[in-house]
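Listed below, chain by chain, are the residues.
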Amino acid sequence: MDILVLIKQVPDTEAKITVSGNKINEAGVSKWIISPYDEIALEEAIRIKEKSGGTVTAISVGDDSVQASLRQAFAMGADTAIQVKTDSYQMLDSFGIAEALLKAIEGKEYKVILAGRQGSDSDNGQVPLIMATLKDWGVVPFAKKVELKDDKAIIECEAEGGDAVYESSYPVVVTANAGLNEPRYPSLKGIMASKKKPIEVKNISELGVSGEARIEVVGFEPPPPRPAGRVIDGADAAEKAKALVKALAEEIKAL
Amino acid sequence: MNALTQLTEEERDFFQIVRDFAEKEVRPLVMKMDAAGQFEKSLIPKLFEMGLMGIELPEKHGGSAASFFMAILGVQALSQVDPSVGVMVDVQNTLVNNAFLRWGSESLKDKYLPQLASGKVGSYCLSESSSGSDAFALKTRAEKKGDKYILNGQKLWITNAGEADIFIIIANLNPEAGYKGITAFIVERGFKGFSVSKKEDKLGIRASSTCELVLEDCEVPLENLLGEEGKGYKVAIETLNEGRIGIGAQMVGLAEAALKHAIDYTKQREQFGKPLSSFQGMQFQLAQMAIDVETSKLMVYNAARLKDAGLDFVNEAAMAKFHSSQVAERVASLAVECFGGYGFTKDYPVEKLYRDAKIGKIYEGTSFMQLMTIAKNILAD
Numbered sequence: 001m002d003i004l005v006l007i008k009q010v011p012d013t014e015a016k017i018t019v020s021g022n023k024i025n026e027a028g029v030s031k032w033i034i035s036p037y038d039e040i041a042l043e044e045a046i047r048i049k050e051k052s053g054g055t056v057t058a059i060s061v062g063d064d065s066v067q068a069s070l071r072q073a074f075a076m077g078a079d080t081a082i083q084v085k086t087d088s089y090q091m092l093d094s095f096g097i098a099e100a101l102l103k104a105i106e107g108k109e110y111k112v113i114l115a116g117r118q119g120s121d122s123d124n125g126q127v128p129l130i131m132a133t134l135k136d137w138g139v140v141p142f143a144k145k146v147e148l149k150d151d152k153a154i155i156e157c158e159a160e161g162g163d164a165v166y167e168s169s170y171p172v173v174v175t176a177n178a179g180l181n182e183p184r185y186p187s188l189k190g191i192m193a194s195k196k197k198p199i200e201v202k203n204i205s206e207l208g209v210s211g212e213a214r215i216e217v218v219g220f221e222p223p224p225p226r227p228a229g230r231v232i233d234g235a236d237a238a239e240k241a242k243a244l245v246k247a248l249a250e251e252i253k254a255l
Numbered sequence: 001m002n003a004l005t006q007l008t009e010e011e012r013d014f015f016q017i018v019r020d021f022a023e024k025e026v027r028p029l030v031m032k033m034d035a036a037g038q039f040e041k042s043l044i045p046k047l048f049e050m051g052l053m054g055i056e057l058p059e060k061h062g063g064s065a066a067s068f069f070m071a072i073l074g075v076q077a078l079s080q081v082d083p084s085v086g087v088m089v090d091v092q093n094t095l096v097n098n099a100f101l102r103w104g105s106e107s108l109k110d111k112y113l114p115q116l117a118s119g120k121v122g123s124y125c126l127s128e129s130s131s132g133s134d135a136f137a138l139k140t141r142a143e144k145k146g147d148k149y150i151l152n153g154q155k156l157w158i159t160n161a162g163e164a165d166i167f168i169i170i171a172n173l174n175p176e177a178g179y180k181g182i183t184a185f186i187v188e189r190g191f192k193g194f195s196v197s198k199k200e201d202k203l204g205i206r207a208s209s210t211c212e213l214v215l216e217d218c219e220v221p222l223e224n225l226l227g228e229e230g231k232g233y234k235v236a237i238e239t240l241n242e243g244r245i246g247i248g249a250q251m252v253g254l255a256e257a258a259l260k261h262a263i264d265y266t267k268q269r270e271q272f273g274k275p276l277s278s279f280q281g282m283q284f285q286l287a288q289m290a291i292d293v294e295t296s297k298l299m300v301y302n303a304a305r306l307k308d309a310g311l312d313f314v315n316e317a318a319m320a321k322f323h324s325s326q327v328a329e330r331v332a333s334l335a336v337e338c339f340g341g342y343g344f345t346k347d348y349p350v351e352k353l354y355r356d357a358k359i360g361k362i363y364e365g366t367s368f369m370q371l372m373t374i375a376k377n378i379l380a381d
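Protein chains in written order, with the numbering used here: chain A, 1 to 255; chain B, 1 to 381.
If you are wondering where the hints come from, they were derived from the structure by calculation, not from laboratory data.
Here are some chain B residues pointing at chain A (derived, C-beta under 7 Å):
#1 D13
#2 I17
#3 F21
#4 M50
Using N, Cα and C, we set each Cβ at its ideal position, and we do this for glycine too.
All chains, full assembly: derive it from the sequences and hints.
See the structure below:
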């Protein structure tokens with residue numbers, strides 16, 4: 001089974017993000033990683049390949065810096081990689097990315113498209129869903145278990161108060177939730193092999209993507225600073241507990 | 001020509017990934033393993049899966065066919081988090097795997113290297129209760145009887161012996177010939193007459209197992225000869241030459257960790273209304289520690305690169321081990337002092353690093369033996 005995995009390269013979850021104008025200051029990010037949910041999707045694809053054969057293709061939209069994440073995908077076990085090259089990634093909205101990805105895979109037939117449930121940077125969670133919608137493919141978000149049969153995919157997801165099990169025909173777009181698996185560390189052999197594999201580069205300007213943004217980013221603002229904590233006073237533990245319960249019940253009405 | 005510390009893309013990625021692994025998988029276990037004096041067994045399969053246990057082994061044997069320098073980077077990266085985990089990987093790669101690669105017959109390599117690459121830990125067994133630095137005074141005897149060798153004796157302070165399945169045992173096949181009777185054998189844990197005995201309770205690297213081995217009429221098949229009969233002294237000594245670079249890497253990782261802790265702590269700890277790091281007395285100590293760490297790293301990296309280039313490295317390896325173990329002890333000691341009273345407790349990480357550093361001057365040739373090697377080399381005609 002041939003699987004496509006959507007990879008978004010994002011600032012490391014511990015990186016310090018600064019904003020200049022209405023853009024994230026990318027030059028100030030010291031470390032870039034594969035978005036953690038996408039890494040789970042990639043791991044799932046590799047496990048499926050290891051179990052039942054097929055190929056895993058990793059695809060990413062961005063400037064040449066995203067090749068680092070595609071190389072990591074190779075190191076973990078991806079067979080091929082496609083870079084949809086654009087130097088103005090931040091100008092594209094989710095729709096533009098989805099459109100570019102679809103154009104880049106035209107002529108190729110993937111039965112399963114795996115992606116993370118959302119990028120860990122902007123948390124939109126839209127690209128895979130838009131791709132499925134445009135193509136009229138099945139789509140199941142937030143998967144916690146994926147089983148692929150010859151004629152259908154069975155996907156288990158968390159639902160309000162329990163689990164939901166879906167069946168889909170192929171092609172199907174599945175987004176990975178935390179808990180689907182524990183991504184592996186790339187092996188030394190994988191790291192060494194990853195440097196020798198070619199990355200297919202497709203220039204976004206040659207794909208015939210409109211590039212017209214439907215969404216305009218008006219601005220970024222840091223979240224307000226967290227208000228200072230409060231220490232509950234009291235002579236002993238019992239009195240402190242009483243004061244705490246009183247505050248929870250009367251002031252913030254949590255009880 | 002590249003700078004010594006300039007890494008290739010592969011080297012940089014590998015170092016970073018091993019470092020991430022150590023941070024996420026090893027860090028939470030460090031103090032528990034130290035207190036219990038027990039290696040966490042579940043870590044071992046992970047080390048194998050990442051290819052850390054067969055770094056230089058050929059691909060046909062399941063290894064990664066990478067450089068010796070790559071093994072050094074792996075040991076350094078792990079030792080920045082726990083030198084006990086660093087030494088497990090070090091012994092496997094720089095001693096056991098290297099001895100097989102250099103001295104093993106094709107059939108011996110075909111049989112054991114795939115196991116060493118995929119899941120079996122190895123041990124290198126030279127020391128005995130009455131032969132440490134005087135290695136050729138070893139008393140373990142081997143006798144050829146029919147279609148097997150029979151081994152008798154005891155080995156002491158054997159690293160990884162608690163977890164290992166494959167042991168390189170150095171014994172004397174012909175005591176009358178002196179060191180020219182010394183021979184190396186491959187013994188499996190399950191061989192008749194072989195047992196792993198007392199485990200040492202140590203000052204440092206407590207999670208790394210150090211055990212006594214007992215050989216009582218231990219039966220070894222003839223094909224499990226490593227190298228030639230009577231040439232085991234070469235196996236023993238020449239394997240340790242490259243092993244010393246690995247210990248150097250362990251000591252570099254340890255010293256880097258101690259320095260990092262000292263820098264972070266002195267920037268945040270305030271006394272007399274200012275961070276400790278703002279006092280020049282403290283700054284100069286940190287600067288001195290940084291110089292120490294840098295010099296030992298340069299020496300270890302250079303020795304490893306010489307080995308990979310196929311050049312003579314024995315003197316440089318001895319110097320690198322001597323210097324880096326001295327630096328590790330000094331830097332870890334100063335780091336404890338930077339932390340003051342806190343540094344003396346197990347609630348902070350530098351106390352353990354100080355204990356762990358001590359072994360560097362002892363195993364794989366004491367510092368005195370390194371000085372003898374260096375002196376012999378520089379005084380040779």
